[in-house]
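Engineer: Just need the whole structure built from these sequences, with the hints factored in.
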Amino acid sequence: MTSTRDLVSDRRDEYAFHDDIVYLAETKRGLTRDTVEEISRFKNEPDWMLQYRLRAYEHFLKRPMPTWGGRLSDIDLGKIVYYRKPSEREEKSWDDVPDKIKATFERLGIPEAERKFLAGVGAQYDSEVVYHSVREELTKIGVVFMGTDQALIEYPEIFRKYFGTVVPAEDNKFAALNAAVWSGGSFVYVPKGVEVPLPLQAYFRINGENTGQFERTLIVVEEGARLHYIEGCTAPIYATDSLHAAVVEVIALPGSKVRYTTIQNWSNDVYNLVTKRAHAYENSTVEWIDANTGSRLTMKYPAIYLRGENATADIISVAVAGRGQHQDTGAKAVHLAPNTRSRIVSKSVSKDGGRTSYRGQLKVSPGATNVVASVRCDALMLDDESRSDTYPYIDIQEDDTTMTHEATVGKISAEQVFYIMSRGLSENEATNLIVQGFLEVFTKELPMEYAIEFNRLVKLEMEGSLG
Amino acid sequence: MSTAADAAGTTPSIPRPARRGPADVPFGFPTPALAGELAARRGEPDWLRDERLAAAAAYDALPSESNLLYTPYIDLRGASLDGVQPYIVTASGPVAGAEGTLPDGTAGLIELREDGVAALVLEPSLVAAGVVLETFASALSRDDAGFRAALQSGATLQLDDKFAQLARGFWNQGVHLHVPAGVKVDRPILVRWAVGQPNRAVIGRMLFRLDEGASASVVEELVPSVTGVQPAQALMAGTTEVILGTDATLAFASIQDLAPTQIVFQHRQALIGEAAMLRWALAQMGSRLVRSRVDNRLEGDRSEVEQVEILFGTEDQLFDLTSYTRHVGRDTTGNLLSKGALLDSARSYMKGMIVIEKSAVGSDSFLGEYGMNLSKKTRAVAVPSLEIDQPDCRRAAHSSAVGPIDEAQLFYLESRGIPPDEARKFIVLGYLEPVVARVPLVEAQDMLRELLEEKWAAGLVAPSTAA
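In order, the protein sequence lines correspond to chains A and B.
All residue numbers for the first sequence refer to our numbering, where the first residue is 1 and numbers rise by one.
All residue numbers for the second sequence refer to our numbering, where the first residue is 1001 and numbers rise by one.
I should point out that these hints are in silico values taken from the structure, not numbers from a laboratory.
Owing to the predicted nature of the structure, the values given are computational and were not obtained by experimental measurement.
There is no bait here: all hints are sound.
Heads up, incomplete: computed chain B residues facing chain A, CB under 10 Å, no partners named: (1) L1342; (2) R1347; (3) A1380; (4) I1388; (5) G1403.
Ranges between beta-carbon positions, derived for each pair: (6) A/G367 <-> B/P1419: 26 to 34 Å; (7) A/R376 <-> B/A1458: 33 to 41 Å; (8) B/A1033 <-> A/T67: 29 to 37 Å; (9) A/G78 <-> B/E1212: 58 to 66 Å; (10) A/K444 <-> B/E1212: 49 to 57 Å; (11) B/L1159 <-> A/L433: 43 to 51 Å; (12) B/A1437 <-> A/L61: 51 to 59 Å; (13) A/T404 <-> B/P1434: 13 to 21 Å; (14) A/K28 <-> B/D1075: 41 to 49 Å.
From the three backbone atoms N, C-alpha and C, an ideal C-beta is built for every residue, glycine too.
Structural biologist: Shown next, in the form of structure tokens:
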């Protein structure tokens, strides 16, 4: 039965490395007002951004640590390096990327991926975007895809108009932290009516022990435009804990369609505390396709505020938690306008003592008439060491809402495993197949290359659980 | 506060309360001094005095909502109870077995008012069989040691709940029902509370103990002792504490139709033994604000609980209902259903938590929370949560839905010649019928149906509900 192990080799080591990079600029460990000012100085930012950072910093200090969700008390905020710049300037061409960094990306297969089908690559190495390439045709049709820092300089009007409007610095403690010390992340602007023909993709990585990564992504999709954005991440494994507190803001203007796909596979020492939120205007569609397999603790609830009539929200959230992991994930749909629709589907798998929690909110505000909303969460527990929770908040303040919510928790049925095994597969393969089938609602939304990669990830996760 | 008793006779006044936060406790009478005074003036033994003082200390220390999951959802602003005081000494009333007339179809009756017991009758054959229906005061004088064992250290009340500790420390009325092993009480026992005097608090505990193989049914009627507009609010804080031995069966139905100036805090806690069965049928209609909590602990193997709860809210009523079900034994069953219909600007919070502990192999647990918002200004919040530590279960699921009246059903009824208003009534009352059908006393069923119809008619008169 264990012979099938050979079919799936454990390739985790390939992603668990640490290159010794000479850091050209980094702040001292810990966070003070000076740290914030220093980061802003490094970046030569306009004064309004410095003031914004300082305001956020003050709020961060005032705001208590959340007492719900996962265990946050182990994070030592004083030990983290809040800013680290691996190379002096942003690279446009692959040839100019420093060799050491290039070696890292080559192991991730980025250039190959780019050759294949990628429209652009914004690869983040530690706290700065170091490599960025945008295909010429995208530039021609007016799509902007660059590092957020660069966008602040090059597109100050668009930037200032939208930055911090979806996730204000005061939103939560970690959004405030991000607003104070953010660096890196992607900026995407899709002009009116433009359809981005291929998914835009960014690879994220954390390197360096105790490096905080506080990227900030801002995506503005103008009227009638369409965009699919993909982020996936791997990270080196370290004994002490890293903190990742990102903020992603998406503005989907009337009639636009935005899909944001994430495969989160941080190493199991990372705290992944992310605020992702989109504003959907009339007739627009926003989709979060979100998978979490890595990290020690993830607290992430991609949100869509349906601000315009006939807007549609679709959130698929998938989580896999193994030993020592807690995936506290979910989704939020806030209906603020009439005739809006939302669908939330959550699938989680816990095993080897891991814990998955679905935490979601569905809100229908007064005035949001004729809303149709559904929430479905299913959890699979592979052993009785593991734990699964469901915490849905449903708040309906209109009289013509149609809302349904369903949740189930269970284990893989012995009958199913037996049936598949009777067809000549091993127990491990059978279980793999069932788990992959359970998560298919997510996988089928991915481009093929990603679907293959994701299924492989699931297999790797499953390896330790049987035999 | 030592003037509690003196304040009893003073004219009610409505002092304008200072502006409070949503979760601030709307009264100040529970002090350690009052707890001591209750014990002293009621001539209670030292252990009970200590018990009250311990509870008073716990009451002081606990937050009004101990469950962080629900923190945003406690709202006590509708209560204005600065002037309320309980009676210190209450009349014990006639002793059990005394001559009296039983209502049709019942086997026992106890009727309580704020100041004492108005009636207490138990069928002689039951008295002969050893069934005891008495006040706490009688129980203390009859069997101090036995009663002490049942009450001490608050095992039958939620220790983490401020308002459960309120009842433990400050009760001034108590009902004790004990059914010895093997005794089957074939007709329901009626417990009637008639309360609502302005500025008056009644804090009542009910303890139901059914020994091995015993069975009984209890119908609780909460009715107003006042009519018309009241100058001030009144408080009822009550408990239902249930201990079911092996194979014991209890059906408990409650019909709450108190005055619009009534504020109600209810706690129900059940310890369910091996193969024992508890059926709750709870109907919430009256009062300005109801905060209720039910805790079911499925301790014994094959124990079972069925809980069906309805609420029908109009005007500015607020129902804040929480239920916890904890599966501990093997092959236990929990079946919980909550249904709410809201008119005008009524609000409901239905919060449920199912916990399946690691020991609870083979659990079958279902929680359903359904809402019908019939007016624009209503608000229905549902938080049906699950915490699962044992995946080997028959079922662990919840579902929730909120929707308007089904147009197809309406059309069908209208096509049969039923006028629209009548058809709407049929649909709503039919939706609430599951609880009515579970009330174990025909007379009480009829009463409940009448009350629902009256309430429906009254709700329709309100201008805000004009279709």
